[in-house]
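Enquirer: One-letter residues, chain by chain:
Number of protein chains: 2
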Amino acid sequence: MPNLLPQPYLLFLADVDVPNRAKTAAGLAHWVPDRCVGQFRLPRCAADVGLKELTPAQAAAAGARAMVIGVAPQGGAIPERWHEALLAALDAGLHLISGMHTRLSDIPELVARARDCARELYDVRHTDREIPSANGRRRSGKRCLMVGLDSALGKKYTALSLTRALSDAGVPATFRATGQTGIMIAGEGIAVDAVVADFVAGAAELISPANEPDHWDVIEGQGSIFHAAYSGVSAGLLHGSQPDAMVLCGHATRDHLELLPHIAHRDYGEAIAVHEALARVTNPGARVIGISVNTAELPTEAAETMLGDLQTRVGLPVTDPVRFGCAPLVDAMLMGEA
Amino acid sequence: MPNLLPQPYLLFLADVDVPNRAKTAAGLAHWVPDRCVGQFRLPRCAADVGLKELTPAQAAAAGARAMVIGVAPQGGAIPERWHEALLAALDAGLHLISGMHTRLSDIPELVARARDCARELYDVRHTDREIPSANGRRRSGKRCLMVGLDSALGKKYTALSLTRALSDAGVPATFRATGQTGIMIAGEGIAVDAVVADFVAGAAELISPANEPDHWDVIEGQGSIFHAAYSGVSAGLLHGSQPDAMVLCGHATRDHLELLPHIAHRDYGEAIAVHEALARVTNPGARVIGISVNTAELPTEAAETMLGDLQTRVGLPVTDPVRFGCAPLVDAMLMGEA
Numbered sequence: 000m001p002n003l004l005p006q007p008y009l010l011f012l013a014d015v016d017v018p019n020r021a022k023t024a025a026g027l028a029h030w031v032p033d034r035c036v037g038q039f040r041l042p043r044c045a046a047d048v049g050l051k052e053l054t055p056a057q058a059a060a061a062g063a064r065a066m067v068i069g070v071a072p073q074g075g076a077i078p079e080r081w082h083e084a085l086l087a088a089l090d091a092g093l094h095l096i097s098g099m100h101t102r103l104s105d106i107p108e109l110v111a112r113a114r115d116c117a118r119e120l121y122d123v124r125h126t127d128r129e130i131p132s133a134n135g136r137r138r139s140g141k142r143c144l145m146v147g148l149d150s151a152l153g154k155k156y157t158a159l160s161l162t163r164a165l166s167d168a169g170v171p172a173t174f175r176a177t178g179q180t181g182i183m184i185a186g187e188g189i190a191v192d193a194v195v196a197d198f199v200a201g202a203a204e205l206i207s208p209a210n211e212p213d214h215w216d217v218i219e220g221q222g223s224i225f226h227a228a229y230s231g232v233s234a235g236l237l238h239g240s241q242p243d244a245m246v247l248c249g250h251a252t253r254d255h256l257e258l259l260p261h262i263a264h265r266d267y268g269e270a271i272a273v274h275e276a277l278a279r280v281t282n283p284g285a286r287v288i289g290i291s292v293n294t295a296e297l298p299t300e301a302a303e304t305m306l307g308d309l310q311t312r313v314g315l316p317v318t319d320p321v322r323f324g325c326a327p328l329v330d331a332m333l334m335g336e337a
Numbered sequence: 000m001p002n003l004l005p006q007p008y009l010l011f012l013a014d015v016d017v018p019n020r021a022k023t024a025a026g027l028a029h030w031v032p033d034r035c036v037g038q039f040r041l042p043r044c045a046a047d048v049g050l051k052e053l054t055p056a057q058a059a060a061a062g063a064r065a066m067v068i069g070v071a072p073q074g075g076a077i078p079e080r081w082h083e084a085l086l087a088a089l090d091a092g093l094h095l096i097s098g099m100h101t102r103l104s105d106i107p108e109l110v111a112r113a114r115d116c117a118r119e120l121y122d123v124r125h126t127d128r129e130i131p132s133a134n135g136r137r138r139s140g141k142r143c144l145m146v147g148l149d150s151a152l153g154k155k156y157t158a159l160s161l162t163r164a165l166s167d168a169g170v171p172a173t174f175r176a177t178g179q180t181g182i183m184i185a186g187e188g189i190a191v192d193a194v195v196a197d198f199v200a201g202a203a204e205l206i207s208p209a210n211e212p213d214h215w216d217v218i219e220g221q222g223s224i225f226h227a228a229y230s231g232v233s234a235g236l237l238h239g240s241q242p243d244a245m246v247l248c249g250h251a252t253r254d255h256l257e258l259l260p261h262i263a264h265r266d267y268g269e270a271i272a273v274h275e276a277l278a279r280v281t282n283p284g285a286r287v288i289g290i291s292v293n294t295a296e297l298p299t300e301a302a303e304t305m306l307g308d309l310q311t312r313v314g315l316p317v318t319d320p321v322r323f324g325c326a327p328l329v330d331a332m333l334m335g336e337a
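Those sequence lines, one after another, are chains A and B.
Residue 131 in numbering that gives the first Met the number 0 is what sits at position 132 of the first sequence, and the numbering runs on without skipping anything.
Residue 24 in numbering that gives the first Met the number 0 is what sits at position 25 of the second sequence, and the numbering runs on without skipping anything.
Honestly, the hints are just simulated from the structure, not real lab data.
Fair warning: there could be bad hints in the mix.
As the list claims (entries may be wrong) - Label-pair distances were calculated between CB atoms; the ranges are:
id : chain 1 : residue 1 : chain 2 : residue 2 : range
1  : A       : Ser139    : B       : Leu309    : 36 to 42 Å
2  : A       : Gly75     : B       : Arg102    : 52 to 58 Å
3  : B       : Asp127    : A       : Thr311    : 49 to 55 Å
4  : A       : Glu296    : B       : Gly307    : 54 to 60 Å
5  : A       : Thr311    : B       : Pro212    : 43 to 49 Å
6  : A       : Gly284    : B       : Val321    : 35 to 41 Å
7  : A       : Arg312    : B       : Ala272    : 16 to 22 Å
8  : A       : Ala45     : B       : Asp127    : 55 to 61 Å
Glycine residues also receive a C-beta, built at the ideal position from the N, C-alpha and C atoms.
Could you put the whole structure together from the sequences, leaning on the hints where they help?
Expert: As structure tokens, then:
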């Protein structure tokens with residue numbers, strides 16, 4: 000994929016039977032509503048991200064430049080019953096964007112039509128960029144990386160909240176995407192989990208290039224260095240990102256890996272120590288500056304108690320950005336600069 | 000590649016100008032001399048692994064089943080001036096085996112001739128096996144993984160020495176290969192550094208499958224979790240291997256990453272603590288049971304002093320397997336079983 004995706008988007012929700020399968024569309028509608036002109040649903044679609052209902056032709060007329068597959072179907076493949084809608088989008092003059100492992104560019108019917116319509120197929124999970132081995136050299140600018148006890152507990156949300164809060168405070172900051180939904184939000188990035196293992200850190204070095212000394216890259220995390228399946232992605236991302244600051248993301252009511260429930264989450268204290276030990280290979284000043292906890296399943300008062308107790312225990316700012324904002328994390332990031 | 004490579008081999012040393020570029024051939028000649036019938040060199044070849052000089056036709060007559068490219072040319076590609084020799088091997092009835100990133104199967108001339116001769120092209124750096132995500136479940140049998148402060152300091156040598164010493168002691172043990180030379184020695188394995196990052200731990204799970212309770216898999220390590228470029232490979236391999244025992248490999252006279260000299264090696268004590276913290280995600284009993292130090296550049300007495308001092312400092316057995324054998328490591332592995 001090229002460096003910048005064509006925006007704004009029409010969000011294709013297809014015919015998913017569970018609203019939760021429209022996470023990508025929901026993320027886009029939440030974080031970049033100004034870059035989403037509407038949603039396009041097939042009959043019996045159970046998802047709804049609250050945008051105007053538009054056909055591809057109507058969306059194109061309203062200024063959309065691309066249709067995004069905003070859902071993750073069971074099995075991860077693009078079912079044939081969606082082809083008609085995808086072809087209609089090309090016919091309407093929209094490019095197509097997908098974040099799935101299966102590639103749009105592996106579907107001959109779409110390739111042929113895209114060529115006829117002079118439109119592009121963007122498979123954001125895969126990159127055409129030449130990725131070198133990491134060189135481990137320090138780059139100018141500052142970097143904050145989300146790390147976590149697990150996958151799927153709020154690292155992307157925390158990174159986007161932090162970026163917005165920094166910008167609101169007048170601090171130059173850029174969200175850097177490392178996964179498919181993040182890439183669609185940012186319009187650029189590399190899905191590091193699809194890179195060959197030898198080059199993950201090299202990809203991370205490309206994602207947060209040298210910048211102005213007072214500029215912060217806020218880097219979306221992936222998985223966990225403690226994840227039995229995905230630690231390779233997380234370790235390479237950690238070293239290539241050479242973070243000055245890390246925000247450790249946890250979950251208030253989940254104590255095991257979401258995808259591998261027989262494996263317990265590690266303790267926050269141990270996680271801080273191990274992340275700092277590893278990160279200091281490429282940035283001797285790397286520190287965990289705070290903790291972001293997903294408290295979605297706790298009542299407000301219980302959430303406040305839990306966060307307060309954890310803060311006392313680890314001696315770092317602790318918050319749930321969704322409920323309580325991320326001011327304490329921003330303060331901790333900027334305090335290091337004083 | 001299939002599960003088992005055709006052996007014995009003719010080792011192709013080509014025309015490399017530096018003996019050090021024939022590391023793969025040297026490893027094969029050292030570890031599996033009974034599976035190497037000879038060497039085949041082009042004019043002006045500076046390498047020599049001490050085997051009988053044979054042409055492909057002579058090697059085939061002597062029982063060879065495949066010719067191995069035993070050198071790593073500068074740039075990593077297969078130069079066109081070698082094609083004649085590779086074609087001659089196919090004509091002589093030998094299969095071809097390469098461990099390079101560049102694939103034999105991407106060279107049309109070789110593909111066509113292999114088809115005509117009904118021979119196979121084995122690119123051991125790449126696997127055709129379907130690799131699943133890791134499941135993190137405990138497997139029966141015991142596993143010892145080589146880990147290290149860096150790449151290229153003796154992990155493969157240590158693993159092969161340990162395997163031999165265990166077998167000599169009557170303990171059932173299998174060397175498990177994770178890189179190209181190791182795969183040629185073992186005849187099977189997966190080059191984990193060429194696997195997509197999301198699947199490294201899954202590949203490691205395939206490499207050391209469930210086994211008899213008293214059987215040891217001795218697993219070749221890759222890179223280092225402290226390597227700025229390759230930690231992703233090492234972290235995934237660590238979790239997928241779920242080692243009971245780890246041997247930490249270091250270097251007596253190198254204190255920085257070989258490929259990235261601006262990055263210092265970590266301290267042995269820190270390396271032990273971080274490896275154990277990470278490994279316990281998939282094996283709560285994981286321990287570093289000893290240290291293997293490459294002392295090649297020290298005189299014998301200085302090497303002995305260095306190893307003794309380190310042993311006192313870390314409180315674990317320390318040896319250089321090349322010079323002093325690996326009995327202390329074997330004792331430490333088996334002590335845990337008592």
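Enquirer: Take the hints in turn and mark each one as holding or not.
Expert: Going down the list of hints, with the structure as the test:
1. Ser139(A) x Leu309(B): 36 to 42 Å: Once the Cβ atoms are compared, 38 Å apart, the range 36 to 42 Å for Leu309(B) and Ser139(A) holds.
2. Gly75(A) x Arg102(B): 52 to 58 Å: Given about 27 Å between the Cβ atoms, the range is violated.
3. Asp127(B) x Thr311(A): 49 to 55 Å: Holds, since Asp127(B) and Thr311(A) (Cβ atoms, about 54 Å apart) stay within the stated range.
4. Glu296(A) x Gly307(B): 54 to 60 Å: holds, 55 Å
5. Thr311(A) x Pro212(B): 43 to 49 Å: holds, 45 Å
6. Gly284(A) x Val321(B): 35 to 41 Å: holds, 38 Å
7. Arg312(A) x Ala272(B): 16 to 22 Å: Because 21 Å falls inside the window, the suggested range holds.
8. Ala45(A) x Asp127(B): 55 to 61 Å: violated, 39 Å
The earlier numbered hints that this structure contradicts are 2, 8.
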